[in-house]
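*Asks:* Residue numbers (the working numbering), protein chains in the order written: chain H, 7 to 319; chain X, -2 to 175.
These aren't lab readings, by the way, just hints derived from the structure by calculation.
In this text, a Cβ means the ideal position worked out from N, Cα and C, and glycines have one as well.
Keep in mind that a hint or two might mislead.
Unchecked claim - Here are the in silico distance ranges between beta carbons for each label pair:
no. : chain 1 : residue 1 : chain 2 : residue 2 : range
1   : H       : Pro30     : X       : Gly121    : 30 to 40 angstroms
2   : X       : Ala46     : H       : Ser218    : 43 to 53 angstroms
3   : H       : Ala279    : X       : Asp21     : 50 to 60 angstroms
4   : X       : Gly121    : H       : Lys170    : 39 to 49 angstroms
5   : X       : Lys90     : H       : Lys170    : 27 to 37 angstroms
6   : H       : Asn161    : X       : Glu130    : 45 to 55 angstroms
7   : X       : Glu73     : H       : Ala22     : 45 to 55 angstroms
8   : X       : Thr104    : H       : Glu210    : 52 to 62 angstroms
9   : X       : Thr104    : H       : Asp53     : 24 to 34 angstroms
10  : X       : Gly57     : H       : Lys179    : 20 to 30 angstroms
11  : X       : Lys165    : H       : Asp19     : 41 to 51 angstroms
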Amino acid sequence: MNPLQRYAPLVDDEEAFFAACERPLPSVVRVNTIKTTVARAREALDDEGVAYEPTDWHPGILKLEDSSPGTNWPYFHGWLHGQEEVSALPAIALDPQPGERVWDTCAAPGSKTTQIAAMMDDEGVLVGNDNNLGRLSALRHNAERLGVTNLVVSNQDARNFSMKPFGERTPGKAGSFEQFDRVLVDAPCSCEGTCRKNPDVLDEWTMNHVKSVAGIQKGILRRAVQVTKAGGTVVYSTCTFAPEENEAILDFVLEREDCEVVEWDVPDGFETAPGITEWEGDEYDPSVTKARRVYPHHNDTGGFFTAKLEVTA
Amino acid sequence: MSDDTAPDENWGQQFDRLPPTADDRVVEGRPSREEVIDWWDERFGVDPAVFDGYTFWEKGAGKIWAFHGEVVDPIEVEGLGMRILRTRQRHWKPSTNAVQRFCGDATKNVIELSPGEAKAFVDGHDQQLDRWEGDWGYLTAAHEIAGELEPLGVGLYLHGELRSTVPKGRQEELVKLD
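Make a model of the complete structure from these sequences and hints.
*Replies:* What follows is the structure, encoded as structure tokens:
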């Protein structure tokens, strides 16, 4: 079964949705402002003869007209990072500030992490965590190539993430802290939203996987809320359309932890749909409509889900 | 556990903060913050103010990391900022990533490469460059891109030859874009 059929009742234009899911995605790069400016990166691409078009909604996110096989100096210098266009959304919702303490729970290979570092002006404490040691080496490599210097790389299970390494038990000691200002949970998921890049995800999809990964998502999001200070922000994102992994996870955590779903500023010119409150007989908290769904036909991107939570106590 | 480690030992599993100056040194052989900042200034003319707000750490013997923030000392994590320098050897060796990050405005020991030389350097080739009349040792290799000089990485200059130290993983990046 093609899992995308499940979501036909959710979309505004079924035909456009299925047609977009069939088309391959354009290559997209993000300009890394830790090492250069958008203007200089674009000048370098022009000099190399690499054709690109800036996205409508972000001057530093560039669609390449074709993957250039030739030499690419701006990439070597760490001025550019390949990142799917839609995956720039969670960091924008998170809105991290220079000098803050931020935790990226599932960070490898680091596209969103390094985007967060750039938004922090590469200053503060950004903890990039992943439970997979192999994937962590990709995170380290990408972060160093992009010149990130405010990243702490950690290797823990995010569901029971310990604050002990950060001095939780020695609060009087310089540099120690117990809570974060902001946390990104870009959760492992069933990934149908990436089908334009990797169609295999549709063949590999099973309901059993949805159920097992939902348990992990709940555990990570709960822990994220627990280690965020009151008034702080948690962003939950996935690249799946499955309500079981999106609104259902928010609903579960809203009942158990001190937090609420809040609106976030979607960039102008980027089309989204609200989160849904009913799915296959289940009902979700009405506030989940503040989350944003992105379907591939809306902006010619991958599929995505992003919710912003404010921690209340 | 770190708690069992005597303060005068260098312990490979955790990051230990560098002492501010040589006078504050407890662990033998560990460079001080001041010595590290002076080294970048003396070798490449990097303005010490560039490192304001940075903390410096050692993990394993001689591997120095720069972190643009504050965390508790010691700290047991997998990475902390960027590996910038290899010390505890006669000639301290800067990393490719650090030279790219901090030597954009370097004023000393910067060798400018032509487009062909830059390509060979990044591909890992050593090349005879007799025109260099400056110091031997570790140089910042740079080339012009988008109208300005930009550091490529670290070259070791000896006997008229510039040896590339660009790591294998970075060499492939000149052709990768997707």
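*Asks:* Now tell me if each hint is right for this structure.
*Replies:* Hints, verified against the model:
{"no.": "1", "hint": "H/Pro30 <-> X/Gly121: 30 to 40 angstroms", "verdict": "holds, 33 angstroms"}
{"no.": "2", "hint": "X/Ala46 <-> H/Ser218: 43 to 53 angstroms", "verdict": "holds, 52 angstroms"}
{"no.": "3", "hint": "H/Ala279 <-> X/Asp21: 50 to 60 angstroms", "verdict": "holds, 58 angstroms"}
{"no.": "4", "hint": "X/Gly121 <-> H/Lys170: 39 to 49 angstroms", "verdict": "holds, 42 angstroms"}
{"no.": "5", "hint": "X/Lys90 <-> H/Lys170: 27 to 37 angstroms", "verdict": "holds, 34 angstroms"}
{"no.": "6", "hint": "H/Asn161 <-> X/Glu130: 45 to 55 angstroms", "verdict": "holds, 48 angstroms"}
{"no.": "7", "hint": "X/Glu73 <-> H/Ala22: 45 to 55 angstroms", "verdict": "holds, 51 angstroms"}
{"no.": "8", "hint": "X/Thr104 <-> H/Glu210: 52 to 62 angstroms", "verdict": "holds, 55 angstroms"}
{"no.": "9", "hint": "X/Thr104 <-> H/Asp53: 24 to 34 angstroms", "verdict": "holds, 25 angstroms"}
{"no.": "10", "hint": "X/Gly57 <-> H/Lys179: 20 to 30 angstroms", "verdict": "holds, 23 angstroms"}
{"no.": "11", "hint": "X/Lys165 <-> H/Asp19: 41 to 51 angstroms", "verdict": "holds, 48 angstroms"}
Violation of the numbered hints given earlier is absent; every hint is satisfied by the structure.
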